[in-house]
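**Student:** If you're matching them up, the sequences are chains A and B in order. So the first sequence is residues 97 to 597, counted in the numbering used here. So the second sequence is residues 414 to 667, counted in the numbering used here.
Errors might be hidden in some of the hints.
What the hints assert, rightly or not - Derived lysine to aspartate or glutamate pairs resembling DMTMM-like cross-links, with alpha carbons at most 20 Å apart:
#1 423(B) <-> 577(B)
#2 423(B) <-> 573(B)
#3 464(B) <-> 233(A)
#4 464(B) <-> 227(A)
#5 464(B) <-> 228(A)
#6 521(B) <-> 511(B)
#7 504(A) <-> 586(A)
#8 455(A) <-> 495(A)
#9 485(A) <-> 341(A)
#10 367(A) <-> 357(A)
#11 514(A) <-> 525(A)
#12 464(B) <-> 260(A)
Derived by calculation from the structure, the hints in this document are not laboratory data.
Below, each chain spelled out in residue letters.
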Amino acid sequence: MPRPLHFVCQDGPTLAALEQRFALAATNARWQREGIRRCLLDSADRRLRDAGMLLVHDLAEDDDRGTLTLFDLAGRQLVAPSAGCQPPCRSAALADARLRAAVAPALRPRTLLAVRRWEVERSLRPWLNGDDKIIGELVLERHAWAGGTLVTVTARPLRGYRRELRAALAPAFAAADLEPQALAANTLLDARLAGEWDRPPPPGTLTSDAPVAPAIAGRLAHFRAVMQANEAGIRDDLDIEFLHDFRVALRRARSLVQAFESMLGDVAALKEGFAWLSRETSSLRDLDVWLDALDDGSTRVAPELHAHLRARRRREQARLARLLGGRRYQRLQRDWGAWLERLAAQEPGATSLRALVDKAIRRRHRRLCRRRHQHDRVLPPAALHEIRKDAKKLRYLLDAFAPLYARKRARHLIGVLKRLQTIAGAICDRWAHAGLLVAWHDAAKDDALRALFAAELEHLALPAALDLDAPDNARLARALDAMCGPDGLDSLHRLCDKGRR
Amino acid sequence: MKVIATYNLKGGVGKTAAAVNLAYLAAAHGHRTLLWDLDAQGAASFYLRVKPRLAGGASALIEKRRNLARAIRATDHDGLDLVPADFSYRNLDLELADHKKSTRRLGKMLREVESDYDLVFLDCAPSMSVVSENVFHMADLLLVPLIPTHLSVRAYAQLERFRERDASVRARLVPFFSMVDRRKRLHRELIVSFAREHPELLRIFVPYASQVEQMGEHRAPVNVFADASAGGRAFRALWQALAERLALVPPEPA
Chain A
97 MPRPLHFVCQ
107 DGPTLAALEQ
117 RFALAATNAR
127 WQREGIRRCL
137 LDSADRRLRD
147 AGMLLVHDLA
157 EDDDRGTLTL
167 FDLAGRQLVA
177 PSAGCQPPCR
187 SAALADARLR
197 AAVAPALRPR
207 TLLAVRRWEV
217 ERSLRPWLNG
227 DDKIIGELVL
237 ERHAWAGGTL
247 VTVTARPLRG
257 YRRELRAALA
267 PAFAAADLEP
277 QALAANTLLD
287 ARLAGEWDRP
297 PPPGTLTSDA
307 PVAPAIAGRL
317 AHFRAVMQAN
327 EAGIRDDLDI
337 EFLHDFRVAL
347 RRARSLVQAF
357 ESMLGDVAAL
367 KEGFAWLSRE
377 TSSLRDLDVW
387 LDALDDGSTR
397 VAPELHAHLR
407 ARRRREQARL
417 ARLLGGRRYQ
427 RLQRDWGAWL
437 ERLAAQEPGA
447 TSLRALVDKA
457 IRRRHRRLCR
467 RRHQHDRVLP
477 PAALHEIRKD
487 AKKLRYLLDA
497 FAPLYARKRA
507 RHLIGVLKRL
517 QTIAGAICDR
527 WAHAGLLVAW
537 HDAAKDDALR
547 ALFAAELEHL
557 ALPAALDLDA
567 PDNARLARAL
577 DAMCGPDGLD
587 SLHRLCDKGR
597 R
Chain B
414 MKVIATYNLK
424 GGVGKTAAAV
434 NLAYLAAAHG
444 HRTLLWDLDA
454 QGAASFYLRV
464 KPRLAGGASA
474 LIEKRRNLAR
484 AIRATDHDGL
494 DLVPADFSYR
504 NLDLELADHK
514 KSTRRLGKML
524 REVESDYDLV
534 FLDCAPSMSV
544 VSENVFHMAD
554 LLLVPLIPTH
564 LSVRAYAQLE
574 RFRERDASVR
584 ARLVPFFSMV
594 DRRKRLHREL
604 IVSFAREHPE
614 LLRIFVPYAS
624 QVEQMGEHRA
634 PVNVFADASA
644 GGRAFRALWQ
654 ALAERLALVP
664 PEPA
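With the hints as constraints, model all of the structure from the sequences given.
**Tutor:** Structure representation (structure tokens):
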């Protein structure tokens with residue numbers, strides 16, 4: 097797809113005036129006028145934009161679906177226009193297969209939201225050459241939003257005709273006194289309307305001899321910022337990934353505090369606050385995971401139970417939204433912030449950061465291996481859950497301090513842990529669903545509901561323990577061996593002993 | 414990417430009309446379509462209003478001084494692009510003959526744009542040459558328009574024999590009758606006898622219709638300006654039969 101030519105009118109003429117400026121060019125085609133409500137669709141954390149894509153949703157008057165077109169940041173059309181959608185929605189809800197394939201890898205599993213909205217008055221006409229062949233399209237757009245207006249002229253050449261269109265339009269552009277613009281109108285407007293996404297600041301660079309307390313404080317402050325950036329999304333309930341990111345940041349902060357507890361002073365209140373927040377958010381996350389699996393068809397339950405899950409989720413979400421606005425949560429955030437300021441201002445000690453982190457990583461790995469070796473080839477689900485938690489904590493440590501290590505070795509170990517987490521996660525999710533069912537069953541007063549939960553429990557048919565020699569569990573057994581066997585130990589030694597940057 | 418060539422040893426049988434109309438219909442059905450005008454006359458390019466000109470000529474393409482993607486021009490019809498003809502194509506055989514693997518060269522060039530298109534139509538010149546051998550190797554299907562005359566049927570027999578001789582040719586032969594005048598006894602009889610001996614024949618008959626000739630006046634496919642005409646209906650039926658023969662899955666509706 098050829099790159100379009102973009103121009104901007106700073107004096108903001110009307111479209112009628114612009115049409116007249118281009119009226120002299122030799123073509124018998126007429127201007128087509130239309131009014132559009134335009135929005136940019138993206139995930140809340142702007143994953144499409146980060147991947148260099150702009151998904152534009154145009155809605156004409158009396159149209160509730162509109163059209164979707166995918167552009168790159170230079171305004172080049174990546175996927176032809178297709179039927180629109182009704183955001184918020186997942187990429188699976190997009191009707192066009194090519195569009196789905198283009199956005200899903202960047203977006204997954206985020207929800208598409210309307211991240212920018214504005215009104216566009218558009219006038220367009222095809223541009224023909226001497227053979228009456230269409231060589232491109234001239235698009236005049238007047239963008240209007242609460243803060244102002246912007247008029248853009250875009251010449252979209254057809255494939256193979258960029259040079260010819262450029263030459264044909266050059267006199268008209270010169271006469272119209274237009275300013276060439278490197279960015280597409282949508283990119284320009286996206287940046288002008290609200291600037292960049294309010295991304296949490298990065299945790300800062302790390303070196304082996306960095307002062308310990310400020311380095312840890314920097315990491316914790318980053319996790320706190322990520323949690324705060326996701327609060328509004330959890331309250332508005334537009335995408336289940338807001339809560340996921342919130343909980344991941346919370347867990348990362350929690351594991352960091354645990355790992356360096358001995359040198360952080362009195363953290364009992366903070367730890368208790370983290371544990372409370374983790375408990376309070378877990379049931380909504382469990383329900384989200386279950387409902388998501390039901391929505392994408394990877395699991396099925398009775399329709400009555402599905403409706404029950406939805407109703408429960410609504411209640412849980414409302415409860416969590418209240419909790420985030422509540423006094424206890426606000427106090428936790430405030431105290432945490434004040435504590436971080438004190439920590440960052442601490443005098444640097446004699447211990448090197450690298451030595452401290454090495455020790456913490458080895459300790460966490462030892463704990464993980466010990467937990468694994470308490471069981472032989474038969475693993476109770478509770479043990480797998482604990483192993484998974486230990487693996488997560490180890491991974492969070494590695495993620496947080498990866499800049500201290502040789503990139504290749506750190507990435508290898510993180511990859512092994514990720515694989516273990518994914519495989520164990522799929523198993524643990526089913527046990528988590530069973531746990532919810534048991535709790536609801538015991539608390540239910542209605543016999544019909546109790547019967548429903550009992551039937552689903554029976555349907556889940558979960559074994560009392562996991563046999564690692566069974567073919568179904570072979571992947572799990574391999575992932576555990578890779579982390580807790582000689583290979584895992586070897587990778588750890590390579591990382592800590594030789595992986596110095 | 415599926416490659417369909419309209420080919421016949423004999424000239425004036427409706428190869429270009431078939432290629433242009435079928436390519437247009439394929440694009441209209443949502444398939445990303447490329448038409449490569451391999452005939453130095455440049456009739457397909459003319460029908461689609463694209464100048465039959467290639468910067469550097471055929472030699473630039475063959476010697477890889479210019480890649481195929483840069484030669485592609487969009488037509489006025491959504492989803493349909495064209496590689497225009499060039500008068501230098503008259504020497505394409507000579508250009509190809511100078512290179513190694515001369516009978517696979519065009520197919521290799523086409524693979525450069527494989528990811529951009531679902532369907533490629535090749536509009537071939539009426540000859541049996543190195544270019545034809547390239548076409549036989551790169552096409553999945555050779556669509557052979559026949560007019561119901563003895564010479565045309567004889568040319569098809571020659572083509573069948575040629576194809577049988579070379580086991581490496583993967584293209585299937587799919588003949589159909591074009592420029593049919595049902596009032597003529599000879600046309601009726603020839604069609605019946607040919608159909609009896611050739612089960613691969615598509616049972617679609619493109620009539621000898623003035624609308625098809627008017628393509629030159631409108632410089633557009635028949636279905637753009639006379640969709641409901643006999644010619645327009647015939648090409649739609651031909652497209653349908655072809656899509657079934659190739660087991661083309663229509664793209665998801667936009």
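**Student:** Check whether the Cα positions of residue 367(A) and residue 357(A) lie no farther apart than 20 Å.
**Tutor:** holds (10 Å)
**Student:** Hey, residue 423(B) versus residue 577(B), does the alpha-carbon distance stay inside 20 Å?
**Tutor:** Judged against 20 Å, a Cα distance of about 19 Å means the pair holds.
**Student:** Would you mind confirming whether the straight-line C-alpha gap from residue 485(A) to residue 341(A) stays at or under 20 Å?
**Tutor:** This hinted pair holds, its Cα atoms lying about 17 Å apart.
**Student:** Holds or violated: residue 464(B) and residue 228(A), Cα atoms, limit 20 Å.
**Tutor:** holds (11 Å)
**Student:** Are residue 464(B) and residue 233(A) close enough, with their CA atoms no more than 20 Å apart?
**Tutor:** holds (19 Å)
**Student:** Between residue 423(B) and residue 573(B), is the straight-line Cα distance small enough, at 20 Å or below?
**Tutor:** holds (14 Å)
**Student:** Between residue 504(A) and residue 586(A), does the CA-CA distance stay at or below 20 Å?
**Tutor:** The hint holds at about 14 Å.
**Student:** Has the given pair, residue 455(A) with residue 495(A), been kept, meaning a C-alpha gap of at most 20 Å?
**Tutor:** This hinted pair holds, its Cα atoms lying about 15 Å apart.
**Student:** Please verify whether residue 521(B) and residue 511(B) have alpha carbons no more than 20 Å apart.
**Tutor:** holds (16 Å)
**Student:** Tell me if the straight-line CA distance from residue 464(B) to residue 227(A) falls inside 20 Å.
**Tutor:** holds (9 Å)
**Student:** Take the C-alpha atoms of residue 514(A) and residue 525(A), compute the straight-line distance between them, and say whether it is at most 20 Å.
**Tutor:** holds (16 Å)
**Student:** Given the proposed pairing of residue 464(B) with residue 260(A), does the C-alpha separation stay at or below 20 Å?
**Tutor:** holds (12 Å)
Of the numbered hints given earlier, the model fails none.
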